[in-house]
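Construct all of the structure, not just a fragment, from the sequences and the given hints.
Taken in sequence, the protein lines are chains S and R.
The opening position of the first sequence corresponds to residue 3 in the working numbering, with each subsequent residue numbered one higher.
The opening position of the second sequence corresponds to residue 13 in the working numbering, with each subsequent residue numbered one higher.
Careful: at least some of the hints might be erroneous.
[Said to hold, decoys possible] Derived Cβ-Cβ restraints for the label pairs, each shown as a range:
1) R:244 with S:15: 15 to 23 Å
2) S:152 with R:19: 55 to 63 Å
3) S:15 with R:346: 27 to 35 Å
[To be verified] From the structure, some residues in chain R lie toward chain S, with a derived Cβ separation under 10 Å:
4) 46
5) 48
6) 49
7) 53
8) 192
9) 238
10) 299
11) 345
[Claimed, not checked] Calculated pairs, DSBU-like style, for lysine-lysine (alpha carbon to alpha carbon, straight line, at most 30 Å):
12) S:463 with R:240
13) R:240 with S:20
14) S:463 with R:348
15) R:240 with S:458
16) S:57 with S:87
17) S:458 with R:348
18) S:458 with R:350
19) S:343 with S:6
20) R:111 with S:459
21) S:459 with R:112
22) R:350 with S:428
23) R:111 with S:458
24) S:385 with R:240
25) S:234 with R:240
26) R:348 with S:428
27) S:385 with S:102
28) R:184 with S:458
29) R:22 with S:459
30) S:459 with R:348
Keep in mind that the hints were calculated from the coordinates and are not lab data.
These figures come from a predicted structure and were not determined experimentally.
Glycine included, each C-beta is placed from N, C-alpha and C at the ideal position.
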Amino acid sequence: MKIKSITFRGGYRFKRFKGQPREETVTLPLPDKVILPLKRDGFEEAMPCVEVGQKVLTGQLIARDDNSLSSPIHSSISGMVESVKKITLNGVKTAAVIIKPGQSEEWAPAHNSPSAWDKMTEDELDEILYISGVSSLGSNGIPTRFNSSRIGKKDVKDIIVAHTDSDVFNVSIQALLGDAGMESVITGLKILGVAFQGARVHVVLSRNQKKIIKELASNFSSDQKISVYGVKPKYPQDNRNILISSIPGINTHTRNIPVFNLQDIVHIYEAVVKKKPLVERVVAFSGSGFEQNRHYRLRLGTLLEDILKGKTAVPKSVRFIMNSVLNGKALDDLDRPLTEKMHQIIAVPENHEGELLAFARPGMRKDSITPVFVASFLPFGKKLDTNINGEERACISCGFCADVCPSRLLPQLLHRYAERNIINEKLVQYRIEDCVDCNLCTYVCTSKIPVAALIKKGKEKLAADGLIQEPGETGSGKDSNPEKERV
Amino acid sequence: MKGSDNIFDKLSRIRGLKRFATIFSTLKGIVYGVQEISVGAPHIRDNIEIKRYMSCVIIALMPAALAAIYFHGLYVLAIIAVSYVVGGLVEVSFAVIRKKDIEEGFLVTGIIFPLTLPPATPLWIVAVGAFFGVLFGKEVFGGTGRNIFNPALVGRLFITIAFPGVMSGVYKMPLSDAITSATPLGLFKADHVITPVWDLLLGMSAGSLGEVFRLGIIAGGLFLMFIKVSNFRIPIAYLGTVALFAFIGGFFAPNVFAPPLLQLLTGGLLYGAFFMATDPVTSPMTNSGKWIAGILCGIFTVLIRTFSGYTEGVMFSIILVNALTPVLDTAILSIKYKAVKK
Numbered sequence: 003m004k005i006k007s008i009t010f011r012g013g014y015r016f017k018r019f020k021g022q023p024r025e026e027t028v029t030l031p032l033p034d035k036v037i038l039p040l041k042r043d044g045f046e047e048a049m050p051c052v053e054v055g056q057k058v059l060t061g062q063l064i065a066r067d068d069n070s071l072s073s074p075i076h077s078s079i080s081g082m083v084e085s086v087k088k089i090t091l092n093g094v095k096t097a098a099v100i101i102k103p104g105q106s107e108e109w110a111p112a113h114n115s116p117s118a119w120d121k122m123t124e125d126e127l128d129e130i131l132y133i134s135g136v137s138s139l140g141s142n143g144i145p146t147r148f149n150s151s152r153i154g155k156k157d158v159k160d161i162i163v164a165h166t167d168s169d170v171f172n173v174s175i176q177a178l179l180g181d182a183g184m185e186s187v188i189t190g191l192k193i194l195g196v197a198f199q200g201a202r203v204h205v206v207l208s209r210n211q212k213k214i215i216k217e218l219a220s221n222f223s224s225d226q227k228i229s230v231y232g233v234k235p236k237y238p239q240d241n242r243n244i245l246i247s248s249i250p251g252i253n254t255h256t257r258n259i260p261v262f263n264l265q266d267i268v269h270i271y272e273a274v275v276k277k278k279p280l281v282e283r284v285v286a287f288s289g290s291g292f293e294q295n296r297h298y299r300l301r302l303g304t305l306l307e308d309i310l311k312g313k314t315a316v317p318k319s320v321r322f323i324m325n326s327v328l329n330g331k332a333l334d335d336l337d338r339p340l341t342e343k344m345h346q347i348i349a350v351p352e353n354h355e356g357e358l359l360a361f362a363r364p365g366m367r368k369d370s371i372t373p374v375f376v377a378s379f380l381p382f383g384k385k386l387d388t389n390i391n392g393e394e395r396a397c398i399s400c401g402f403c404a405d406v407c408p409s410r411l412l413p414q415l416l417h418r419y420a421e422r423n424i425i426n427e428k429l430v431q432y433r434i435e436d437c438v439d440c441n442l443c444t445y446v447c448t449s450k451i452p453v454a455a456l457i458k459k460g461k462e463k464l465a466a467d468g469l470i471q472e473p474g475e476t477g478s479g480k481d482s483n484p485e486k487e488r489v
Numbered sequence: 013m014k015g016s017d018n019i020f021d022k023l024s025r026i027r028g029l030k031r032f033a034t035i036f037s038t039l040k041g042i043v044y045g046v047q048e049i050s051v052g053a054p055h056i057r058d059n060i061e062i063k064r065y066m067s068c069v070i071i072a073l074m075p076a077a078l079a080a081i082y083f084h085g086l087y088v089l090a091i092i093a094v095s096y097v098v099g100g101l102v103e104v105s106f107a108v109i110r111k112k113d114i115e116e117g118f119l120v121t122g123i124i125f126p127l128t129l130p131p132a133t134p135l136w137i138v139a140v141g142a143f144f145g146v147l148f149g150k151e152v153f154g155g156t157g158r159n160i161f162n163p164a165l166v167g168r169l170f171i172t173i174a175f176p177g178v179m180s181g182v183y184k185m186p187l188s189d190a191i192t193s194a195t196p197l198g199l200f201k202a203d204h205v206i207t208p209v210w211d212l213l214l215g216m217s218a219g220s221l222g223e224v225f226r227l228g229i230i231a232g233g234l235f236l237m238f239i240k241v242s243n244f245r246i247p248i249a250y251l252g253t254v255a256l257f258a259f260i261g262g263f264f265a266p267n268v269f270a271p272p273l274l275q276l277l278t279g280g281l282l283y284g285a286f287f288m289a290t291d292p293v294t295s296p297m298t299n300s301g302k303w304i305a306g307i308l309c310g311i312f313t314v315l316i317r318t319f320s321g322y323t324e325g326v327m328f329s330i331i332l333v334n335a336l337t338p339v340l341d342t343a344i345l346s347i348k349y350k351a352v353k354k
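Given below as structure tokens:
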């Protein structure tokens, strides 16, 4: 099979940052308790089906509601239900089941099908994907005949699986794979193929992952449904909209394209073949704020506080960030459970200090889009912290934001309107809607202007006025044909 | 080093100095860097900032500036100093009045402007030019980032028009004190004399302070393009158009148009193309606009040099294209983004 090479215009390649997680995966001792929210991100709350005091096994169903758009929830440890109470997660109230561990570490299987996966019917796979909780993964969940996604199963014509190493810190593919190795990814993809008979599966990997691409390509050489693509590991290649517009032949107008990462595929494999429900995640601990940068295999529901305890490089104060330093949320409150959408926790040192004569230093470890620091020519690892590295100044139209914008917008133009609160049709005309919130414009800004935040403010105002679609609801923009956008 | 007890913070708390707080906060930023951290995503920022950006331009100008000092002595330093002091005073007073930090842009204007001047320009004219340039070229528009014209060029244009006698008779040959008005372009216009290429490259010809050591200018210009501080589109379009236009013109009227190589290596063309036409604030924001601006600069330069009473046309061309830039931007945006049909 020929591996197609695809990419997009703009973007930025983050190279050689210190704090990349090593390949190894460490399993931590079981937690003292787990808090399992019954509402998964993007879903409704499921109904608890266990009672306080009840004994549960690892992987045992503790909540399910087939009538609402929800995901079945499983206990992530064996023990006893201590309580069911309301918690607040990401600003939303939800019921959560709290479980204390017991003596045994026995597992309950995700399903009882006696047949091997390749003998299973589409219906059977459907049910396993739903009942194992795996259907809550991906950008829109996995559509099944159950109430597991906003997307109708029949409407899915394309599925994207992406792992492009395009962020500052990236989860290592090797660390994700369990004992089965690449077999889990290959089988997981095949299962997707069987579960979605009418859909094509597009696997997008960094072109530097030569070995893995080769292995996948040789396995799917005769498979017309599965295509493998190699991409430049440029941020924000993993962004849903950017993926959709960079893969040729995809209908960019549709929203019915679920996007998964490789870990999701491993979960599919484990649920179907190993009968293992969604109860754990491999999470990369990245960034120089950690003493050790590696991956941990963690049970869902474990308190972040407990996971992170003693793992930071003392005595620096650090900021914990979820998934991406470019557009992830800061984890201000560590009194919250690990959830299924986390794949990386990044610890970035806070820096209120500033640096003596910072502008005149050679910058041996300083990253920049322009080669104005010697780090661009040296092989050393680059450092990062939360300092904004300069004073906010007037926009000088240096144009770096437009150079990196993956949607080919002119952030230097858009932000001026938003800054002066002139938020009207003009911004719609300048296609502000196409912004994918990658935040690169703010990252590169010479004048340290919060460009992306201003654009976001513009989008929110326009959406409130009904002039554009709600952010997040957009497909990939109306005219995302890159050829058309050039002048 | 805590952010709160450094010397600049202490100074700004002294009662009589409070109104100058902006000066101290600027100085503090220069010496101690910034204490501000990101709020929300993105949590990290690129290390480039305005001071580094402007420093790079100044570094790129160093070959030209040092050559000027070598050719014309320490008087050049006095010219540069006057430009910095007068321009800086205007900038600082506006910053104090506006209660905003001092923008770093004037550090570049302060050196770009004096290097456009003839070697024997009287210091009071330097002062007038720097004052006028920063005030009417930049501050009246609202300061850095809002100006339409390159402030250095506004200053230069003003003194050219206000003091024509002084400004045309103050050229000198390098390493000599003899006043001359015969610049290579003038010599061609008058007698079709073609100055040898190496004299032009190494600076052995009459001209403004910073424009004669052309090897150094080319090196500085390429350096700026390489580190992406200046956009390569404008200089390439500008120089390419001049060469092409002069070539075509020379084909039909060899005695009227100076040959392409002479065009490229004379007057302020290289200096203007690399350091002035590329000013991001006053050049078009789209890439296509930058190409067009460069081409227009090239056409105007050759036209003015060939057909007008002036021997040199770089300054007028860039100012003219600066004036056209808002129109150019609007036109390109309206082509690029069709109005939403509702």
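Evaluated hints:
As the Cβ distance of residue 244 of chain R to residue 15 of chain S is approximately 20 Å, the hint placing it in 15 to 23 Å holds. For residue 152 of chain S and residue 19 of chain R, the hinted distance range of 55 to 63 Å is satisfied, since their beta carbons lie about 60 Å from each other. Separation of residue 15 of chain S from residue 346 of chain R is about 33 Å and conforms to the stated range, judged on CB atoms against 27 to 35 Å. With a cut of 10 Å, the hint placing residue 46 of chain R at the interface with chain S holds, because the nearest CB-to-CB distance is about 5 Å.
At a threshold of 10 Å, the smallest CB-CB gap from residue 48 of chain R to chain S is about 5 Å, leaving the interface hint in force. Taking 10 Å as the C-beta cut-off, the interface hint given for residue 49 of chain R holds, the closest approach to chain S being about 4 Å. With a least beta-carbon distance of about 5 Å to chain S, the hint placing residue 53 of chain R at the interface is held under the 10 Å criterion. The interface hint given for residue 192 of chain R is broken, as the beta carbon of that residue sits about 38 Å from the closest beta carbon of chain S, more than 10 Å.
Because the closest C-beta pair between residue 238 of chain R and chain S is about 7 Å apart, less than 10 Å, the hint holds. Annotation: residue 299 of chain R was flagged as interfacial toward chain S, and the flag holds, the nearest CB pair being 8 Å apart, inside 10 Å. Using the Cβ-Cβ criterion of 10 Å, the hint placing residue 345 of chain R at the interface with chain S is satisfied: the shortest such distance is roughly 7 Å. In summary, the hint linking residue 463 of chain S to residue 240 of chain R is not supported, as the alpha carbons are separated by about 35 Å, beyond the 30 Å threshold.
Proximity of residue 240 of chain R to residue 20 of chain S is assessed by CA-CA distance (about 25 Å); at most 30 Å being required, the pair is judged to hold. For the hint linking residue 463 of chain S to residue 348 of chain R, the alpha-carbon distance of about 24 Å falls within 30 Å, and the restraint holds. With a C-alpha separation of about 28 Å, the suggested pairing of residue 240 of chain R with residue 458 of chain S holds against the 30 Å cut-off. Distance hint between residue 57 of chain S and residue 87 of chain S is fulfilled; the C-alpha atoms sit about 17 Å from each other, no more than 30 Å.
A hinted pair counts as satisfied when its Cα atoms are at most 30 Å apart, and residue 458 of chain S with residue 348 of chain R qualifies at roughly 22 Å. Taking the CA atoms of residue 458 of chain S and residue 350 of chain R, the gap is near 22 Å; set against the 30 Å cutoff, the hint holds. About 29 Å separates the Cα atoms of residue 343 of chain S and residue 6 of chain S, which keeps this hinted pair within 30 Å; it holds. About 27 Å separates the Cα atoms of residue 111 of chain R and residue 459 of chain S, which keeps this hinted pair within 30 Å; it holds.
Between the alpha carbons of residue 459 of chain S and residue 112 of chain R the distance comes to roughly 25 Å, so the proposed pair stays at or under 30 Å and holds. The suggested pairing of residue 350 of chain R with residue 428 of chain S holds, with an alpha-carbon distance near 10 Å, which does not exceed 30 Å. The straight-line distance between the Cα atoms of residue 111 of chain R and residue 458 of chain S is roughly 28 Å, inside the 30 Å bound, and the hint therefore holds. Taken as a hint, the residue 385 of chain S and residue 240 of chain R pair is honoured in the structure, with Cα atoms around 22 Å apart against an allowance of 30 Å.
A distance of roughly 21 Å separates the Cα atoms of residue 234 of chain S and residue 240 of chain R; the hinted pair therefore holds under the 30 Å criterion. Restraint check for residue 348 of chain R and residue 428 of chain S: satisfied, since their Cα atoms lie roughly 13 Å apart, inside the 30 Å limit. For a cut-off of 30 Å, the pair hint linking residue 385 of chain S to residue 102 of chain S is broken: about 40 Å separates their Cα positions. The straight-line distance between the Cα atoms of residue 184 of chain R and residue 458 of chain S is roughly 57 Å, outside the 30 Å bound, and the hint therefore fails.
At most 30 Å may separate the alpha-carbon atoms for a hinted pair to count; residue 22 of chain R and residue 459 of chain S exceed this at roughly 38 Å. For the hint pairing residue 459 of chain S with residue 348 of chain R, the CA-to-CA distance comes to about 23 Å; that is within 30 Å, so the pair holds.
Hints 8, 12, 27, 28, 29 from the earlier list are contradicted by this structure; the remaining hints agree with it.
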